[in-house]
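> One letter stands for each residue in the lines below.
2 protein chains.
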Amino acid sequence: MSKAFFQRLENSAHDHRLPLAQVVDNLCFNEQGLIPVIAQDCSSKTVLMQAWMNREALHKTLHTGRMVYWSRSRHRLWEKGASSGHRQKLISMSFDCDGDVILCQVEQQGAACHTGRPACFYFAVEPEQQQVRVIGDANPP
Amino acid sequence: MSKAFFQRLENSAHDHRLPLAQVVDNLCFNEQGLIPVIAQDCSSKTVLMQAWMNREALHKTLHTGRMVYWSRSRHRLWEKGASSGHRQKLISMSFDCDGDVILCQVEQQGAACHTGRPACFYFAVEPEQQQVRVIGDANPP
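Line order of the protein sequences matches chains A and B.
Position one of the first sequence corresponds to residue 1 (this note's numbering), numbered consecutively onward.
Position one of the second sequence corresponds to residue 142 (this note's numbering), numbered consecutively onward.
It should be emphasised that the hints constitute simulated quantities derived from the structure, not laboratory data.
Only a predicted model underlies this, so the values are computations on that prediction, with no experimental measurement involved.
Using N, Cα and C, we set each Cβ at its ideal position, and we do this for glycine too.
Worth double-checking, as some hints may not be accurate.
Looking from chain B toward chain A, a few residues come up when the C-beta cut is under 8 Å (computed) [claimed, not checked]:
id, residue
1, HIS155
2, ARG158
3, CYS169
4, CYS183
5, SER184
6, LYS230
7, MET234
8, CYS238
9, GLY251
10, HIS255
11, TYR263
12, GLN271
13, ARG274
14, GLY277
Computed beta-carbon distance windows for the label pairs [said to hold, decoys possible]:
id, chain 1, residue 1, chain 2, residue 2, range
15, B, ARG196, A, GLY33, 25 to 31 Å
16, A, ALA124, B, CYS169, 14 to 20 Å
17, B, PRO160, A, CYS28, 21 to 27 Å
18, A, ASP137, B, GLN163, 29 to 35 Å
Based on the provided sequences and hints, a complete structural model is requested.
Shown next as structure tokens:
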């Protein structure tokens, strides 16, 4: 159903507009009601993290302009930075061709990663050495 | 199990090294055996797409240096660009703090999106207008 919705839009011309509510209604949330969300730093273009939203988190993010995710471990909405102060201001949002991924450009306050590192992707793969190298130090405990 | 593995690594110092096989063994593949993979253009830093890998796709990607995904619609391995020529050369790979997302820097040949648009995130949300705007034209059919 929702896949078909996005397939019909593939040949839409540049600048074609659709009602936001209609597109959101057709987004592909998974069987847990979640959709993956990539947060990218709007200035440096660093990919900061990937997390998940349900419909309510998406609504709150658009409504407040602050990134709100669904925490799969805590089973509740999670306003990024609400406890740490490391908030993410939403600058822009886009959906992908299949309607099953959200990309957000954000203004990150402080560290995006809960370890205190600037971004979550700190395990660098070194295939030739068959090793993984940690990039950056965690915050002092 | 794998979450605990990554939690134990949170305070690892910069430059700490681990065997690749051990880290891969502990990655969090979901109940379908898949892990989300973000492909980012190594030059422009544009987020091109998000797709999925199983263990075999990850192994083939690291072994061949070309991005190989698991196609959830076709239920088979999918070497990106094998039919379109729009291949992705792997430049670097990293894992996130929880071991449940992979980020790849790639060199993209041609368009990343199957519609012919340079990247998949071509539905721009315009919250104030309550609309979504298509960015870019599809390839002529």
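> May I ask you to test the hint 29 to 35 Å on the CB atoms belonging to ASP137/A and GLN163/B?
21 Å, violated
> Is the interface hint for CYS238/B satisfied, with its Cβ closer than 8 Å to some Cβ of chain A?
At 5 Å from the nearest chain A Cβ, CYS238/B passes the 8 Å test, so the hint holds.
> If you take the shortest Cβ to Cβ gap from MET234/B to chain A, is it below 8 Å?
Status holds, d = 4 Å.
> With a cut-off of 8 Å on the beta carbons, see whether TYR263/B makes it to chain A.
7 Å, holds
> Between ARG196/B and GLY33/A, does the beta-carbon spacing fit 25 to 31 Å?
At roughly 27 Å between Cβ atoms, GLY33/A and ARG196/B fall inside 25 to 31 Å, so the hint holds.
> Holds or violated: is there a CB of chain A closer than 8 Å to the CB of ARG274/B?
Holds, because the Cβ-Cβ distance from ARG274/B to chain A comes to roughly 5 Å (cut-off 8 Å).
> Let's test the interface hint: is any C-beta of chain A closer than 8 Å to that of GLY277/B?
Hint on GLY277/B: holds, closest Cβ of chain A at ~5 Å, below 8 Å.
> Go through the hint on ARG158/B and say holds or violated, using the shortest Cβ distance to chain A against 8 Å.
Hint holds; ARG158/B Cβ to chain A Cβ min 5 Å, cut 8 Å.
> Under the criterion of a CB-CB separation shorter than 8 Å, is GLN271/B in contact with chain A as hinted?
5 Å, holds
> Min Cβ distance, CYS169/B to chain A: is it shorter than 8 Å?
This hint is violated: CYS169/B lies away from chain A, its Cβ roughly 11 Å from the closest one there, beyond 8 Å.
> Taking the beta carbons of PRO160/B and CYS28/A, is their distance inside 21 to 27 Å?
Given a distance of about 36 Å, which is not inside 21 to 27 Å, the answer is violated.
> Is the shortest C-beta separation between LYS230/B and chain A less than 8 Å?
13 Å, violated
Violated hints, listed in ascending order, are 3, 4, 5, 6, 9, 17 and 18; each of the other numbered hints is respected by the structure.
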